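Chain L: place on chain G using the hints.
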Amino acid sequence: MENLVEIRDLTIDFPLRAGTIRAVNHVDLDIPKGKVTALVGESGSGKSTLASAIIGLVSVPGKIVSGQILYKGRDVLKMDNRELNKYRWKEVSMVFQAAQNSLNPVMTIREQFLETARIHMENYDESAALKRISELLGYVRLEANRVLDSYPHELSGGMKQRVMIAFSLLLDPQMIILDEPTTALDVITQDYIFNILKRIHEEMGITMFLQTHDIAVVAKVAERMGVMYAGYLVEIGGIRDMFYNAAHPYTKQLLQAAPSLLDELKERKPIMGTPPDPYNMPKGCPFHPRCIHAKPICEEQIPQMVDVAPDHKVMCHLYL
Amino acid sequence: MDKPLMELKNVDMYYYKKSGLFKPKIPIGAAVGINMTINEGEIAALVGESGGGKTTIGNIVAGLLKPTSGEVLFEGKNIYKMTRAEFRKYRHSVQLVQQDSYASLNPVHTIEHSLVGPILSRKIVKNRKEALQKVKEALLRVELSPPEMFLEKYPHQLSGGQRQRILMARAILMNPKLIIADEPVSMIDVSLRIAILNLMSRLNREMNIAFLYITHDLATARYIAQNGSITVLYLGKIVETGRTATVLERPAHPYLQALLSAVPVPDPDIESRKRKLPLKSVDMPSVAKPPSGCRFHPRCPYADEKCSIEEPELIPFNGRLCACHHVETIPEWSYLE
Numbered sequence: 001m002e003n004l005v006e007i008r009d010l011t012i013d014f015p016l017r018a019g020t021i022r023a024v025n026h027v028d029l030d031i032p033k034g035k036v037t038a039l040v041g042e043s044g045s046g047k048s049t050l051a052s053a054i055i056g057l058v059s060v061p062g063k064i065v066s067g068q069i070l071y072k073g074r075d076v077l078k079m080d081n082r083e084l085n086k087y088r089w090k091e092v093s094m095v096f097q098a099a100q101n102s103l104n105p106v107m108t109i110r111e112q113f114l115e116t117a118r119i120h121m122e123n124y125d126e127s128a129a130l131k132r133i134s135e136l137l138g139y140v141r142l143e144a145n146r147v148l149d150s151y152p153h154e155l156s157g158g159m160k161q162r163v164m165i166a167f168s169l170l171l172d173p174q175m176i177i178l179d180e181p182t183t184a185l186d187v188i189t190q191d192y193i194f195n196i197l198k199r200i201h202e203e204m205g206i207t208m209f210l211q212t213h214d215i216a217v218v219a220k221v222a223e224r225m226g227v228m229y230a231g232y233l234v235e236i237g238g239i240r241d242m243f244y245n246a247a248h249p250y251t252k253q254l255l256q257a258a259p260s261l262l263d264e265l266k267e268r269k270p271i272m273g274t275p276p277d278p279y280n281m282p283k284g285c286p287f288h289p290r291c292i293h294a295k296p297i298c299e300e301q302i303p304q305m306v307d308v309a310p311d312h313k314v315m316c317h318l319y320l
Numbered sequence: 001m002d003k004p005l006m007e008l009k010n011v012d013m014y015y016y017k018k019s020g021l022f023k024p025k026i027p028i029g030a031a032v033g034i035n036m037t038i039n040e041g042e043i044a045a046l047v048g049e050s051g052g053g054k055t056t057i058g059n060i061v062a063g064l065l066k067p068t069s070g071e072v073l074f075e076g077k078n079i080y081k082m083t084r085a086e087f088r089k090y091r092h093s094v095q096l097v098q099q100d101s102y103a104s105l106n107p108v109h110t111i112e113h114s115l116v117g118p119i120l121s122r123k124i125v126k127n128r129k130e131a132l133q134k135v136k137e138a139l140l141r142v143e144l145s146p147p148e149m150f151l152e153k154y155p156h157q158l159s160g161g162q163r164q165r166i167l168m169a170r171a172i173l174m175n176p177k178l179i180i181a182d183e184p185v186s187m188i189d190v191s192l193r194i195a196i197l198n199l200m201s202r203l204n205r206e207m208n209i210a211f212l213y214i215t216h217d218l219a220t221a222r223y224i225a226q227n228g229s230i231t232v233l234y235l236g237k238i239v240e241t242g243r244t245a246t247v248l249e250r251p252a253h254p255y256l257q258a259l260l261s262a263v264p265v266p267d268p269d270i271e272s273r274k275r276k277l278p279l280k281s282v283d284m285p286s287v288a289k290p291p292s293g294c295r296f297h298p299r300c301p302y303a304d305e306k307c308s309i310e311e312p313e314l315i316p317f318n319g320r321l322c323a324c325h326h327v328e329t330i331p332e333w334s335y336l337e
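From first to last, the protein sequence lines are chains G and L. All the letters of the first sequence, read from the start, carry residue numbers 1 to 320 under UniProt numbering. All the letters of the second sequence, read from the start, carry residue numbers 1 to 337 under UniProt numbering.
For reference, chain G alone in the conformation it holds in the complex:
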């Protein structure tokens, strides 16, 4: 399996007035080429910060303290602005959380598309660009003629999100990062958008990297799943291994806590306690205060990532 992105020992800090928050903590993560990899975690677990770092964007005042992000062997963190401009959109594009708000409210969709095309496309030609844009809008099942002349406020949330997905495909990227792409959208629209994304993935072979808090969405679209907790990647593996052979106590409990339409209602159990205070992280394993299997060593030492099966890693003392 060839990796498109290899993240090594990545640590991102946010120095704030009340103290420093470590949003991403020594994370190693591979994103294999041509697969859908999903990252699951609750709010504040660091999944969005990690994803933004892949396109060289960490919001102020975040600082990358250590590590490398290798895209086809090149370190994204060492790229200069000119290199980054070539890398973003052409190699890796990103659909942001509430991407509906990423559109400029005073420009028509046509103007916004053409602006992006003019800046990023080599040998820019307006009619060719428009043809490509119409094709892409058709691909996400929007009527190009109608949508191109609309302003963002004339489109529904689901339509705007589909425009953003078409945008992300404009320069034929190798990979799309999708950060909670369906938050704030209705269930039927969400389902429709994921079906479109699945088709894009299958037909174009694009690598996808999805961040979500909804484990059910992961079951629908992903081939690999990683779980983040308090800035740590605590487990990663193939989708069936993760759902049917979860190793980390947090992953197991997360699966048990997700209400479903098709299950025994009695089997649902909440996870006790609350996520740790980012200013005041517990010593040892970040999950130990909530873990039913915690041993004395869990309070002392941060566990190492170990293999429990081929391509299935977990960060937990139970497996050391």
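If you are wondering where the hints come from, they were derived from the structure by calculation, not from laboratory data. The structure presented is a predicted model; accordingly, all values stated were derived computationally and were not measured. Quick reminder that beta carbons are idealized off the backbone N, C-alpha and C, glycines included. Misleading hints may appear alongside valid ones.
[Said to hold, decoys possible] Reference excerpt, derived from the structure (chain L facing chain G, CB under 10 Å, subset only):
(1) G51
(2) G76
(3) N78
(4) I79
(5) G160
(6) A219
(7) L259
(8) L260
(9) P264
(10) I270
Chain L only, in chain G's frame:
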């Protein structure tokens, strides 16, 4: 025998939107022809997507919105024809817990201040000492222990789940018969959602408080209202209603079938075998301009001419009520292919 606690009878709620300086205002039917009963001690779920009218109905039940027409009955009495004392009693008996727990608490008041104030001013307790005792009991009931630890805190010092528990405590302090919970878990982390739902079930069992659980999330509605009822809304109208187990086992209305097909299931093997319902259009029409006839007909795979002309009534079908002209003939639906 089930005893009705709150009833809505032919309730319509219209908002009026300005269309221009000299043009007439356009009526928007946020809730139309709503008939609904919440029984004593029952958990009723009200589900629908945005624009369905669920929050409007919640606010009507809470007495915050007066419907354009129709009756709102509490224990058989029209709340808008009550004496002052009766209305006061109704207001105490029906409490509302909203989605945004941060916005529902005054940020410059301590939790003690926010909880003691209402029961003192409404004379539910005689004095401050008794009030404090009551508040501590309520905090224990919502599993915030030790209560002393939370009394001194300000809302921003608590997590979303803890704030939502504080709101539950504030509601039960009024000795309510019904709590309307409007999307109480949608802003809470996934790992904590089940705990809040379990808390609501416990308050229902132990204190016999009825709940109206308003949500867009069918999975949590199924979880909390498993022994209660469910009402499904589409563009301001009820499309299907009945016992949760009956309705969700064999959904009859094509909209509910589509909604259920769209909810992802946290199991990759089941997810790959799940049934799809081909809708004619994904985009929901605007509430301001609802389609003629059955409001779902432009998207419905089973719609014919009749559906675009005649509005369907809620009729009994297989142990529930369903508003669909073709309910008898559309194929039976199941989750898996």
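Task: Hint numbers contradicted by this structure - done: Those not satisfied are hints 2, 3, 4.
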